[in-house]
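Chemist: Here is how the chains run, residue by residue.
There are 2 protein chains.
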Amino acid sequence: MGGFILIDKFTNATVAAGMLHFALRRADNVHWQAVDVTRSVRARAKGQKAALVWFTGLSGAGKSTVANLVEKRLFDQGFHTYLLDGDNVRHGLNKDLGFTAADRVENVRRVAEVARLMVDSGLIVLASFISPFKAERQMARELVGESEFVEVFVDAPLSVAESRDRKGLYAKARRGDLVNFTGVDSPYEAPESPDVHLDASGGITPEAAADLVILHLREAGILQPGTGV
Amino acid sequence: MGGFILIDKFTNATVAAGMLHFALRRADNVHWQAVDVTRSVRARAKGQKAALVWFTGLSGAGKSTVANLVEKRLFDQGFHTYLLDGDNVRHGLNKDLGFTAADRVENVRRVAEVARLMVDSGLIVLASFISPFKAERQMARELVGESEFVEVFVDAPLSVAESRDRKGLYAKARRGDLVNFTGVDSPYEAPESPDVHLDASGGITPEAAADLVILHLREAGILQPGTGV
Chain A
4 MGGFILIDKF TNATVAAGML HFALRRADNV HWQAVDVTRS VRARAKGQKA
54 ALVWFTGLSG AGKSTVANLV EKRLFDQGFH TYLLDGDNVR HGLNKDLGFT
104 AADRVENVRR VAEVARLMVD SGLIVLASFI SPFKAERQMA RELVGESEFV
154 EVFVDAPLSV AESRDRKGLY AKARRGDLVN FTGVDSPYEA PESPDVHLDA
204 SGGITPEAAA DLVILHLREA GILQPGTGV
Chain B
4 MGGFILIDKF TNATVAAGML HFALRRADNV HWQAVDVTRS VRARAKGQKA
54 ALVWFTGLSG AGKSTVANLV EKRLFDQGFH TYLLDGDNVR HGLNKDLGFT
104 AADRVENVRR VAEVARLMVD SGLIVLASFI SPFKAERQMA RELVGESEFV
154 EVFVDAPLSV AESRDRKGLY AKARRGDLVN FTGVDSPYEA PESPDVHLDA
204 SGGITPEAAA DLVILHLREA GILQPGTGV
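Chains as they are written, first to last, in the working numbering: chain A, 4 to 232; chain B, 4 to 232.
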């Protein structure tokens, strides 16, 4: 309890005055039972609303690039995030799965279940998966909850995505060495009304794309005002 | 930049004065590329060292009770935690698994993989699973990393655990309606040198048990001094 006056270091002018109403940290003797640790309590303690931000699009469309940019910026602004992608899931949790139709569905199901646990822990989870089928994205949305799910469509034409082909996957698929490859011999079902539509054909930079995603998260109330920037 | 003076709200006495040196939050224009978002960076931003705290013991030994107490206290002290247990895993991620030997191993493997992702996100993860076999606990330890794994043995005699039997599982197993039940027709391999040994036969209260776990986490450097209480 107390008032305060702010004084400019250089001019010694009084620039502001105010009143302290409460301490931001709890006292040592507050009893733990007061807190019921739920999703919203956890998220509030982190100054955010937990959410799953799902990046979908062709291989090579730029999903991971944009998701990484978004994560770095959010982290830098003090938010609590985690990026789930093929790299940290296919080599661990889902290493028993292949690329048959059944295994692809199971792959996305487990990712969505893990994302649900992480959202439950209060994190903003970014997931970057081709996820070509409407049904699987819908499953993820339903598992996590409609109000916590943000669909980001990284929309590059096949010609652009294929021309990048950094991992050589399109070439492999065209040769027939890789089957069920999205865009080649397996369809990509574009989202009809994604929460964020990044039109990568128009020459948008990854930085500008990340800005659009963050703008949406801010407008959707996921990034709490007063936290971060 | 500026000085400040604290004034008692009720007496109007000046109780303190000081100087602001820097803002606690980063400015908007700090460039994101400066931050490489790794496990240790994420954890440090949360004022803690990420870890997996694994509670093992018989059904009815009190694992979940103690793990819940530990989580509530840590959360209340400002740490970032998540509790993984049968309730949030068996009904979601692992709902396709039964209780055969193979499925039990797969159950623990997935839990450990999810814990690894969560530890990677900087959280202190509490996992509460009977996990009767040394080999499965060793798998979890190796997946997450030796230095991030804390084994807590909730050690209640079978007679005590069975006498509680809140879920009626021991009765079911004794009738033969439940097979492969740990302590009845499936062995429990006690940890030889757990990081924390909670001897529930000596009448230790859940509160005292939680204290011991937190003491260990503090001594192990997982709870950073200066954060929380």
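Simulated from the structure, these hints should not be mistaken for lab results.
Just so you know, these numbers come straight off a predicted model, no measurement behind them.
A couple of the hints might just be wrong.
[Said to hold, decoys possible] Each computed DSSO-like pair below joins lysine-lysine, with the alpha-carbon atoms no more than 30 Å apart: (1) A:137 x B:98; (2) B:137 x A:52; (3) A:175 x A:98; (4) A:52 x A:170; (5) A:98 x B:170; (6) A:137 x A:75; (7) A:98 x A:75; (8) B:75 x B:98; (9) B:175 x B:52; (10) A:137 x A:170; (11) B:52 x B:170; (12) B:170 x B:137; (13) B:175 x B:137; (14) A:52 x B:75; (15) B:75 x A:98; (16) A:98 x A:137; (17) B:75 x B:52; (18) B:98 x B:137; (19) A:75 x B:52; (20) B:175 x A:98; (21) A:52 x B:52; (22) A:52 x A:75.
[To be verified] Covered stretches of chain B, as calculated for chain A (at least 3 residues, CB under 8 Å): (23) 44–57; (24) 90–98; (25) 121–128; (26) 152–160.
A virtual CB, placed ideally from N, CA and C, is assigned to each residue, including glycine.
Chemist: None of the hints should be skipped; say for each whether it holds.
Modeler: Cross-check of the supplied hints:
1. A:137 x B:98: Holds, because 23 Å separates the two Cα atoms, which is no more than 30 Å.
2. B:137 x A:52: violated, 39 Å
3. A:175 x A:98: Holds: residue 175 of chain A and residue 98 of chain A sit about 21 Å apart, inside 30 Å.
4. A:52 x A:170: violated, 35 Å
5. A:98 x B:170: violated, 34 Å
6. A:137 x A:75: holds, 28 Å
7. A:98 x A:75: holds, 27 Å
8. B:75 x B:98: Holds. Residue 75 of chain B to residue 98 of chain B sits at ~27 Å (cutoff 30 Å).
9. B:175 x B:52: At roughly 41 Å apart (the allowed maximum being 30 Å), residue 52 of chain B and residue 175 of chain B break the hint.
10. A:137 x A:170: At roughly 25 Å apart (the allowed maximum being 30 Å), residue 170 of chain A and residue 137 of chain A satisfy the hint.
11. B:52 x B:170: Since the Cα atoms of residue 52 of chain B and residue 170 of chain B sit roughly 35 Å apart, the hinted pair is violated (cutoff 30 Å).
12. B:170 x B:137: This hinted pair holds, its Cα atoms lying about 25 Å apart.
13. B:175 x B:137: Judged against 30 Å, a Cα distance of about 25 Å means the pair holds.
14. A:52 x B:75: It holds: about 20 Å lies between the C-alpha atoms, which stays within 30 Å.
15. B:75 x A:98: violated, 34 Å
16. A:98 x A:137: holds, 24 Å
17. B:75 x B:52: It holds: about 18 Å lies between the C-alpha atoms, which stays within 30 Å.
18. B:98 x B:137: With a Cα-Cα distance of about 24 Å, the restraint between residue 98 of chain B and residue 137 of chain B holds, given a limit of 30 Å.
19. A:75 x B:52: The hint holds at about 20 Å.
20. B:175 x A:98: Given that 30 Å is the threshold and the Cα spacing comes to 35 Å, the pair is violated.
21. A:52 x B:52: holds, 23 Å
22. A:52 x A:75: holds, 18 Å
23. 44–57: Answer holds; 4 residues pass the 8 Å Cβ test.
24. 90–98: Result for this restraint: holds, n = 4.
25. 121–128: Coverage by chain A holds here, the residue count being 5 at a Cβ distance below 8 Å.
26. 152–160: As far as the region 152–160 of chain B goes, the hint is violated, because 0 residues have Cβ atoms under 8 Å from chain A.
Going down the numbered hints, you'll see the structure goes against 2, 4, 5, 9, 11, 15, 20 and 26, while the others check out.
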